[in-house]
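Q: Residues per chain, in single letters:
There are 2 protein chains.
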Amino acid sequence: MVTEIAEIEVKAGMEEKFIAGVESSKPVFLRAPGCHGVELHRSIEHPRQFLLLVQWESVAHHLEQFRNAPDFALWREAVGECFAGSPKVQHTRKVVS
Amino acid sequence: MVTEIAEIEVKAGMEEKFIAGVESSKPVFLRAPGCHGVELHRSIEHPRQFLLLVQWESVAHHLEQFRNAPDFALWREAVGECFAGSPKVQHTRKVVS
Chain A
1 MVTEIAEIEV KAGMEEKFIA GVESSKPVFL RAPGCHGVEL HRSIEHPRQF LLLVQWESVA
61 HHLEQFRNAP DFALWREAVG ECFAGSPKVQ HTRKVVS
Chain B
1 MVTEIAEIEV KAGMEEKFIA GVESSKPVFL RAPGCHGVEL HRSIEHPRQF LLLVQWESVA
61 HHLEQFRNAP DFALWREAVG ECFAGSPKVQ HTRKVVS
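Line by line, the protein sequences are chains A and B.
Residue 35 in the numbering used here is what sits at position 35 of the first sequence, and the numbering runs on without skipping anything.
Residue 34 in the numbering used here is what sits at position 34 of the second sequence, and the numbering runs on without skipping anything.
Among the hints, erroneous ones may be present.
Which bits of chain A does chain B cover? Going by a derived footprint, with three or more residues having C-beta under 8 angstroms, they are [to be verified]:
1) 21-33
2) 36-42
3) 54-67
4) 72-78
5) 83-94
Restraint ranges, calculated between C-beta atoms of paired labels, are given here [claimed, not checked]:
6) 57/A to 70/B: 35 to 45 angstroms
7) 83/B to 46/A: 15 to 25 angstroms
8) 68/A to 27/B: 42 to 52 angstroms
9) 83/B to 44/A: 21 to 31 angstroms
Quick look at which bits of chain B chain A covers, simulated, 3 or more residues with Cβ under 8 angstroms [stated by the list, open to error]:
10) 13-27
11) 30-41
12) 83-92
Bear in mind the hints are in silico, worked out from the structure with no lab data behind them.
The beta carbon of each residue, even a glycine, is placed where N, CA and C say it ideally should be.
Could you build the full structure based on these sequences and the hints that come with them?
A: Spelled out as structure tokens, the structure:
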């Protein structure tokens with residue numbers, strides 16, 4: 001299992017709309033092949049900064065399958081206008097738990 | 001509950017020593033007042049980059065209590081020499097789960 005960690009900065013004043021957009025997009029992630037969960041964290045020090053954490057079976061499930069699926073457009077439609085810039089995306093593997 | 005997210009870059013060749021140091025330091029975190037868990041993630045794209053995720057009851061449990069406790073020195077002793085630079089630390093609150 002890998003974790004997608006996307007750092008997303010949101011335009012001022014659009015924070016609540018963004019959170020609602022992620023909340024309403026949960027089914028889009030949860031029905032994606034290889035997706036095992038999604039959560040959104042908000043920075044306490046920089047409240048326009050968010051971290052989207054998505055559990056995937058593999059990097060390919062995210063970058064090859066999800067990003068090329070029609071649902072990816074739905075996701076971006078729900079939240080894309082809130083982005084202040086391009087999300088910074090990485091993938092991690094848990095090495096200590 | 002808040003999550004401390006520390007981005008840590010590790011010196012080349014010290015990755016395994018760092019992982020072992022975090023593993024052996026788990027008790028230091030788990031006995032800290034207000035700490036509810038620790039895990040370490042390793043970036044797939046940049047394998048010298050790690051994310052330490054620590055669950056705290058509050059930011060103060062981390063920054064005021066833990067950082068001023070003798071155990072903080074133990075933690076830094078276990079892993080500090082592996083750091084390629086100062087960790088970049090932030091705290092988040094889960095807003096969608």
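Q: Give a verdict on every hint.
A: Going through the hints against the structure:
no.	hint	result
1	21-33	holds (count 3)
2	36-42	holds (count 5)
3	54-67	violated (count 1)
4	72-78	violated (count 0)
5	83-94	holds (count 5)
6	57/A to 70/B: 35 to 45 angstroms	holds (42 angstroms)
7	83/B to 46/A: 15 to 25 angstroms	holds (23 angstroms)
8	68/A to 27/B: 42 to 52 angstroms	holds (45 angstroms)
9	83/B to 44/A: 21 to 31 angstroms	holds (23 angstroms)
10	13-27	holds (count 4)
11	30-41	holds (count 4)
12	83-92	holds (count 3)
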